[in-house]
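Trainee: Read off the chains here:
2 protein chains.
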Amino acid sequence: MFLPLLLAAQGKKSFSLDDLLPGGRTFSQLQPQSLYAEWWGDRCVETRIDSCWEIDVDNGKREVLFTLEQLNQWLGAPAGKPWVRSCYNVSFPKPGLPYVAVTVSGRPQADGTPTRTYVVVDFRKGEKVYEQTYPAGAGALDRAEATGSLAFVKAQNLYVVRGTDGKTVAVSTDGSDDLVYGQAVHRNEFGITKGTFWSPDGRKLAFYRMDQSMVPDYPQVDITTRIATTYSCKYPMAGEKTHNVTVGVFDPSTEQTVWLQAGDPADRYFTNISWSPDGRKIYMIELNRDQNHAELACYDAVTGKKEGILYEETHPKYVEPQHGLVFLPWDHSKFLYQSQRDGYNHLYLFDLAVPQDGDERQTANGGTCRERVKVSPLTSGKWVVKEVLGFDRESKSLLIGSNERHPLQTNLYKVALKDGRRTLLDEGDGVHYASLSESGKYLLDTYSSPTVVRRVNLVSTRKGRCLNLLDAEDPWKGYAVPEISCGSIKAADGVTDLYYRMVKPVGFDATKKYPTVIYVYGGPHAHNVEASRNYLARGWEIYMAQKGYLLFILDNRGSDNRGLDFENVTFRHLGEEEMKDQMEGVKFLKSLPYVDAGRIGVHGWSFGGFMTTNLMLTYPDVFKVGVAGGPVIDWQYYEAMYGERYMDTPQANPDGYEGSNLRLKAGNLKGKLQIIIGYNDPVCVPQHSLSFMRACIDAGTQPDFFVYPGDEHNMMGTDRVHLHERITQYFEDYLK
Amino acid sequence: MFLPLLLAAQGKKSFSLDDLLPGGRTFSQLQPQSLYAEWWGDRCVETRIDSCWEIDVDNGKREVLFTLEQLNQWLGAPAGKPWVRSCYNVSFPKPGLPYVAVTVSGRPQADGTPTRTYVVVDFRKGEKVYEQTYPAGAGALDRAEATGSLAFVKAQNLYVVRGTDGKTVAVSTDGSDDLVYGQAVHRNEFGITKGTFWSPDGRKLAFYRMDQSMVPDYPQVDITTRIATTYSCKYPMAGEKTHNVTVGVFDPSTEQTVWLQAGDPADRYFTNISWSPDGRKIYMIELNRDQNHAELACYDAVTGKKEGILYEETHPKYVEPQHGLVFLPWDHSKFLYQSQRDGYNHLYLFDLAVPQDGDERQTANGGTCRERVKVSPLTSGKWVVKEVLGFDRESKSLLIGSNERHPLQTNLYKVALKDGRRTLLDEGDGVHYASLSESGKYLLDTYSSPTVVRRVNLVSTRKGRCLNLLDAEDPWKGYAVPEISCGSIKAADGVTDLYYRMVKPVGFDATKKYPTVIYVYGGPHAHNVEASRNYLARGWEIYMAQKGYLLFILDNRGSDNRGLDFENVTFRHLGEEEMKDQMEGVKFLKSLPYVDAGRIGVHGWSFGGFMTTNLMLTYPDVFKVGVAGGPVIDWQYYEAMYGERYMDTPQANPDGYEGSNLRLKAGNLKGKLQIIIGYNDPVCVPQHSLSFMRACIDAGTQPDFFVYPGDEHNMMGTDRVHLHERITQYFEDYLK
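Chains L and C, in that order, are what the protein sequence lines are. With the numbering used here applied, the first sequence covers 2 to 737. With the numbering used here applied, the second sequence covers 2 to 737.
Derived from the structure by calculation, the hints contain no laboratory data. Being a predicted model, the structure only gives us computed values, none of them experimental. Careful, some of the hints might be misleading.
Pairs count within a copy or across copies, as identical chains cannot be separated in the list.
No farther apart than 25 Å at their CA atoms in a straight line, the calculated lysine-lysine pairs in the PhoX-like style are these [what the hints assert, rightly or not]: (1) 737 <-> 671; (2) 95 <-> 419; (3) 62 <-> 442; (4) 591 <-> 581; (5) 625 <-> 737.
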């Protein structure tokens, strides 16, 4: 096997793990060139490390706006001692005004305390317009651009710096580890990413308050103190007590808080807080603990009174609202709502001006709904809306990303609000990410595909015109890059298409037999294969291909972007259908003459660690070597919000929990299995893997184990490189 | 290599790990036959599982005393439901009276609570004489035979059940995890094994009280609860705050406690509590935190007043008193004291009747002493007294075990008190353990040697006559047993003899080259080589020899039984001299044609884990594979009492701590090193190994790691078998 590898690599360079992994010392040097740009109203500004340039949206011509040196000078930094070290993170907050905003870190105050300061500079006049120093220790910063007010959290209490007089007022004073204000709740499920929500006019602040006093701490150990110590880490396990969330509305001018009168918060999830454009109502999607009944409720933002339920959705398995309301800029009586009620994530136009009785009725996905205002589907079909980018006010249309053209793609569309007619705005291939200018006139479209390394286009949403700003060269030219391909097989149901990626060994010779490693995730909310550069191949796959392995990655049923039925087939028995599909992948691999069926390995992290361990234990004669990272071993140790959605509670689904409890299969271990965890993993807590080790010891089997002390659920930076050296070595030791 | 192994094993059986390891399912079947006996005054009783037999001390003839069935009947157990399941643990508390004492477990009380009851039965009359039920949850039981009073600890408080009236009285009421009564203190160093000390007449109870409120908890995690929890585990690390110990004297009749007026207990160790024969004085050896100054103090047991210091000893390195005073039965003004002041552990006769000024003077070991009473050496020489067995009152002599005949042996001697003349009481070989009859007339001597599997003799201490009771057959007959030999090499100092054991591969062929594994401990208070059966070879060595490895075990300087200089050469830089000696072992191994110098591995546990890791990191080109169990990585994480004796504090000896901090050598790792720990190790806390993993990750090296959740410093039972499978496999994977 050595000779062909040498031949193939002749004259070509090899990758190191540092070249291929984020965190590697040379990783950035081997990435495709990027273009970073910001919208300044409808004007486009390219930000480089040392300067900012306006890109003419008509012809792509660049003109320098200012340099980093100038910016530092205007900020008042001493010569040769810049306060800002790159222009990448500036913003242009005022369309029409030549203002650039930047956060300056580490500038010491009179008393020596380092600060973070938000500064706005007029880059035409070269002078400071505004500055606001963040309080020391402040986190969860949330600025209301309209008023300049700033919400922040310090030591679990929420504060507001008023834009009017610069005074800091306390929203709460009883914050603690048990009582948390202004932060993301419900463990960031249901689309929750933050805990403060300014009204559109910046005059009121809705915020989360989370009482987690009833939630036990998972004992995490810090070994870096002189004598090891524990730190608190609230963790609401499946079937156990969960935190109680309430929502307040704070008025910085009166310093009063009104609480939304949502009733008993026990065993309920309050999600997707949205303001009405006039700032008088707050909408919230309310979900029962069972997660099979969602209500869209409306509250009076002044009194906190519940005004009613606008919409309800149920499903025998689960409903999963993840998106807030998006009001039409030109008609505040209408908003867009996202739902999978027709089986795929789509947009529905709700009309508050047309109330209706809303009898319960069946939905296409097998659930029910009640519409108490008029609801019209805006999009539909066997594909999913992946992103709402914003509106083009002039043409009264919406800009979205969807996978309508192909399950593996994301393409950009303009959707007419009046009739839902869609216009494709890109070439129709690849995976596109875009940002929309102020008025919706322009899209900055960054994309890649299996044949496009990285391209950035400026797209006129009205004219459909496309101006190319960057067409990156392949940074891997001259390297021995393996063949990366994509295909589909049928799922274990015999009907559904599943997509895979295959990375062939460097110097591939179809007459030889190669050791093969399946990389797997397999859980909801994610996928591994898409039609972007290299089909989304991970750097480690390239590295392994270079070492003579064939890599195979299959997105089984249960993963995302394929609709609700595809995902929720796993309900109440996570792992089962997923493994059946992966075994279809194995069947396919075994049909290939160049796959060595006696040397099949598997690797995955998190849900993929669960899959890896499960595959090793369920098919001990198929998989010779596995490396499972941060695995779920027993869903009763996972958190309630994510876990109960798919598994219900251990009390309600004892068979499902037993069937997926990998400790009960510990005695099946035959091959070599290494479990690796972050010793301080707050997501898949160490109890999973430690209890599995105990079970294996009791069953007389011999897994291997490794920990990264101080690391959490994923290894970052140089630890990531160390980790992948470790994973690679394990396959080298036992699969080769 | 395979063929010779087969030939050698032809017709011979192979061992499994279960055969060879304590905890293995078949271990006991392959152990030499034993004889269990108890002294009943000067009469000898053999206890078997189903019966007790008197052995005639003159001719060895056996006569049954009673059967297990009878015993259960007399106890009142229902037919077919025995309360006592073997006669092994009975005792004969009253010389001259036909009483047998037994502790009955699990006999339910009226309310269903299971109990433990101490019952004395007259086995001639077949009736109960006495019974005392232990309170539920009682631990640290300590019975005063003279009065029948019982001291016990429950929930950290100390109680006494009075023998007089059976009433339970509380000695303390404020016991807690911070304040502990009646238990061993100072982490069982300084010879401390318990926390209660009855006066000879059973009327007063001296006890330890330990305030450890100032000692931090090491956070141990229990993963067996629904959600993992921590439990408290006070751990006084080197250089950190240690607990304060005081000594009380409780009088059960008055229920009053008097405290010994020993002064400020901070940074002091109170050890070797001894009563005067008349119960009026208490003696205690008091040691400073630096452990280089010991004082033998005398207290009035009635008032608690300190009466004075009888003796002082200092040493530039450390003094280590480990033995209480032993008064002569026939002269209560004299007692025996053990000391290493002449360089080896010897006996000194102190005469209270002859007080003296006691000026400070130099001792032979390089320290000083002050004798305030007359002190006469009883034994001396370049060998150590290992055990004081008791007295023969008639001949006014003492029975001891010592290694006078050979450093690797323990032999039994009678020592005349008047002139110290010693008489050997055994054959002069092997390692002897003995128990002495009431009057000192008979010794029950159990021993083994490289040529004696196990022999039990009844020795008449006066006549020197020896009656053989058991000569066990070799239980390994028919098995392929490797050749086990012993020899000596010079230490790195070029002068000192070091003893090694070598276990040659089964089917050894001197023309071949074998992978070689060094098993090492290397720390103080222990040795691995002695002149007992198989030179003390561990079962795992036999197993490895069977797999084709050569095993080599060398007791380096720093280990026990060889005198103070041999031990304390390691002072303030643990690991250094020890490794130099082990490298002399490697030099010797490399001189042997049948040792493969390219395949040398090393394995050890605890101090041996420290040695293993240190050797792997200090000599990365010598050792290819290592397995280190429960290792010390950084002595600042070890406890103060043991650690500071050898290393002083981190504050006082920063260079020594840095030089022995294995984290600082993490980048040197070249071979394969697996670290294995009990996840709940309260001795070498997980912080050692976890911080080492972190250091290796940061240094870019790749150790392996495994944990036994729920296990402490050593794996027991089936976990021990699992562990050794694991260790073996690691050498099989990487050294073979």
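Trainee: Determine for every hint whether it applies to the structure shown.
Mentor: Status of each hint after checking the structure:
1. 737 <-> 671: both (17 Å within a copy, 21 Å between copies)
2. 95 <-> 419: neither (31 Å within a copy, 105 Å between copies)
3. 62 <-> 442: Result: close within a single copy only, 18 Å intra versus 111 Å inter.
4. 591 <-> 581: Intra 15 Å, inter 55 Å, cutoff 25 Å: intra-copy only.
5. 625 <-> 737: For residue 625 and residue 737, both the intra-copy (10 Å) and inter-copy (21 Å) Cα distances are at most 25 Å.
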